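Enquirer: On the provided structure of chain A, position chain B as indicated by the hints.
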Amino acid sequence: MAKTSKQFIQDLPKIYGTYTGGFLLFIIVMGIAEKMGVSGRNIGLMFVGFTIFIYALIGWISRTTDVDEYYLAGKKVPTVFNGMATAADWMSGASFVAMAGGIYFGGYTYMAFLIGWTGGYVLVSTLLAPYLRKFGCYTVPDFIGARYGGNFARFCAVLILLIASFTYVTAQITATGSIAQKALSTPAFPVSFEFGCWTGLITILLCSMLGGMRSVTWSQVAQYIVLIIAYLIPIFWISWKYNYGIFPHIMLGDEVTRLAALEQQYGLTKHTKDVLDAAKIPSDALGNATSLKYIVSGHSTVPAGHEVAWRYISLALCMMIGTASLPHILMRYFTTPTVTSARRSVGWSLFFIGLLYLSAPMLATVSKISLMDPNVPTAIIGKKIADVTQIEWVKNWLAVGQVKIVDFNNDGILQLSEWFMNEDVVVLATPEIAGLPYVISGLVAAGGLAAAMSTADGLILAMANAISHDIYYKMIDPKASVKQRLIVARVLLIVLGSGAAIMASFKLTGILGAVAWAFDFAMSGLFFPLVLGVWWKRATRSGAIAGMLCGLIAGTAYLVWVGVPNKDITFFMGATPWKDIHWIFVDNLRFGIPGALVSLIAMVTVSLVTKPESKAVMDMVDEVRIASGKTVIRNA
Amino acid sequence: MATPKQEAHWQATKRLMIITLLIWFFFSTVVFMFAADLNSTSFLGYKLGYYMTAQGSMLAFIILIFWSNSRQEKIDREFGFSDEDREED
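Listed in order, the protein sequences are those of chains A and B. Under numbering that gives the first Met the number 0, the first residue of the first sequence carries the number 0, and numbering increases by one thereafter. Under numbering that gives the first Met the number 0, the first residue of the second sequence carries the number 0, and numbering increases by one thereafter.
Hints may contain errors.
Example chain A residues on the side facing chain B (calculated, C-beta under 8 Å, incomplete) [as the list claims (entries may be wrong)]:
1) D253
2) M319
3) T339
With a Cα cut of at most 25 Å, we get these calculated DSS-like pairs of lysine-lysine [said to hold, decoys possible]:
4) A:K279 x A:K394
5) A:K536 x B:K13
6) A:K629 x B:K4
7) A:K629 x B:K13
8) A:K394 x A:K181
9) A:K383 x A:K403
10) A:K629 x B:K73
11) A:K614 x B:K13
12) A:K269 x A:K279
13) A:K614 x B:K4
14) A:K240 x A:K382
15) A:K383 x A:K279
16) A:K269 x A:K403
17) B:K4 x A:K536
18) A:K383 x A:K394
19) A:K629 x A:K536
20) A:K629 x A:K614
21) A:K272 x A:K403
None of these hints come from the bench; they were simulated from the model. Being a predicted model, the structure only gives us computed values, none of them experimental. Think of the CB as a built atom: it goes at the ideal place given N, C-alpha and C, for glycine as much as any other residue.
This is chain A alone, in the form it adopts within the complex (with noise of 0.2 Å):
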């Protein structure tokens, strides 16, 4: 056994090789099958099916009985692959499909969340990573439970883990369940969103219930390679076929600027409230638009003033120390062979994570510019509306609804104020607006699914195993089998994910706009604790269990207390209106930042005023820092 898994892991790359290539040339494949008059429905479903099937083969392959393997996938996953494995685990649906969309419509106040979510990986791989990997848990709540002793301390952990994964994961199987819906619909036999929210989480289940962490490993490094390929290649192709470079990144300098020419030209108008809602454009409290945007700000301009640079860092920071405090991310570092590994292993998440986040931009540039540049056969700002009505992706994207034209001066001219498109519309139509073939599209489709698949799996399995580890084995029967661990592992993953589908299938369509809160909910209730009970000896179990809960009631009573300006989701909220109070600019997007204040301060007061842990647990403490050396607690 020992044997032929070292075998294993030398053959890694050699499996992902040919696999990445077996990909690219399964692409090559439908490129051609289009070109001899395949449907591109049917090219989507191929995409979509087949890759479907691959996660689902190693999931199987993968499967496993033995508990260190199902947990931590036998500690065994080298530094590089466990860094492909969390950038999927890390990017969802919402990083593939709407951030690029995001930018486009937000601009530079957007893009605090390209920092928030990439320098949070600073603070994993200095505070917490490594000392967390040298304690040998098996999930995140394992080492509140044993750094601070007893059941409640555990408990706690468990209960901000399992709201901010359950605020997450609802969004992630929104996401599967809509891509799914689209790719497997015909005419003859059109499915419901429901039913795509029912097959993504059969899937997900199939890549993680026969091995755990094991399975969702290998299938999220597997899922990675398909959500960066289907990424970049629409980039970097639309930036050759119009000459913007070779190397869209460092080359689109000169697009940058001419799109801030072309806002000058078109102007960029902002909508009253009373004329959004007299056009039917659905737009919140604050009169900004909700599901279909157009362009307000400047593409690369910065707005001056201490409130939008206050605005922009307080959300980056919010995002950040969440990252840090995530425990789906934080768990694939307990994975690696080594203390070292676990450390090196975030610099490479980070990196291929940023594959991704640095394209985000680039792709928002290249397809506002297909869109708005009239030097450009795809342009259609300016240009007669009866004409861009009539054009194939234009009409296409009309019938769903996801855009729509408002003719407000009646001069049958497109203006840019006048065109209205969902964010998602950004990523998944730019191929087909700069005339790619469709093969680049069941691509992107199936980049898509693979983001949101591989995060809900995470996630599952991070709420999933915090169950069956923290409550039911360390709390409830600690004499519990190997078996029956396991047996509980899974049907936990069966109920979780079935609850994640039905609130999905509500399509509280606002929720995916709260992906944010998950990162709040986590700051306010784990960071201090998490990274206290390493850094600070004199952390003390009444003062962790003060700061958890302290912080995640004042972070929950303030995200109340402010509101959220988009009816849609204020449904816990009650019926009370929306009324613009905050603190200091503090609002919905950001409430982690008084949680976790409160949550720092509950800590160290507690701990200050009750007597310091035992000299075992200080022991204890030493031990986590410093690399060498067995691990600090066993599991199996």
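Expert: Chain B in isolation, oriented as in the chain A frame:
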């Protein structure tokens, strides 16, 4: 209790942590306090404020992690706490 060697190792680790987080703070926060001003200069043809949020800071984070890790590994080796040669535990 921690041995003197462990104490010294932790002091060095803490110092590196503080330096790393200061650099992180610079690229994640300080730069964006002045992004509007930076936008009047350009870099690679992009306005600098835009460039930092679109690419610059992210590249800085990646380099920072790899640099900081190599320093930490050096510290671990110096005090004899490295686990690099170990295969698994």
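Enquirer: The structure should be examined with respect to each hint, and the outcome stated for every one.
Expert: Against the structure, the hints:
{"no.": "1", "hint": "D253", "result": "6 Å, holds"}
{"no.": "2", "hint": "M319", "result": "6 Å, holds"}
{"no.": "3", "hint": "T339", "result": "5 Å, holds"}
{"no.": "4", "hint": "A:K279 x A:K394", "result": "19 Å, holds"}
{"no.": "5", "hint": "A:K536 x B:K13", "result": "14 Å, holds"}
{"no.": "6", "hint": "A:K629 x B:K4", "result": "18 Å, holds"}
{"no.": "7", "hint": "A:K629 x B:K13", "result": "22 Å, holds"}
{"no.": "8", "hint": "A:K394 x A:K181", "result": "16 Å, holds"}
{"no.": "9", "hint": "A:K383 x A:K403", "result": "15 Å, holds"}
{"no.": "10", "hint": "A:K629 x B:K73", "result": "20 Å, holds"}
{"no.": "11", "hint": "A:K614 x B:K13", "result": "22 Å, holds"}
{"no.": "12", "hint": "A:K269 x A:K279", "result": "16 Å, holds"}
{"no.": "13", "hint": "A:K614 x B:K4", "result": "19 Å, holds"}
{"no.": "14", "hint": "A:K240 x A:K382", "result": "22 Å, holds"}
{"no.": "15", "hint": "A:K383 x A:K279", "result": "22 Å, holds"}
{"no.": "16", "hint": "A:K269 x A:K403", "result": "16 Å, holds"}
{"no.": "17", "hint": "B:K4 x A:K536", "result": "18 Å, holds"}
{"no.": "18", "hint": "A:K383 x A:K394", "result": "15 Å, holds"}
{"no.": "19", "hint": "A:K629 x A:K536", "result": "20 Å, holds"}
{"no.": "20", "hint": "A:K629 x A:K614", "result": "19 Å, holds"}
{"no.": "21", "hint": "A:K272 x A:K403", "result": "17 Å, holds"}
Checked against the numbered hints above, the structure breaks none of them.
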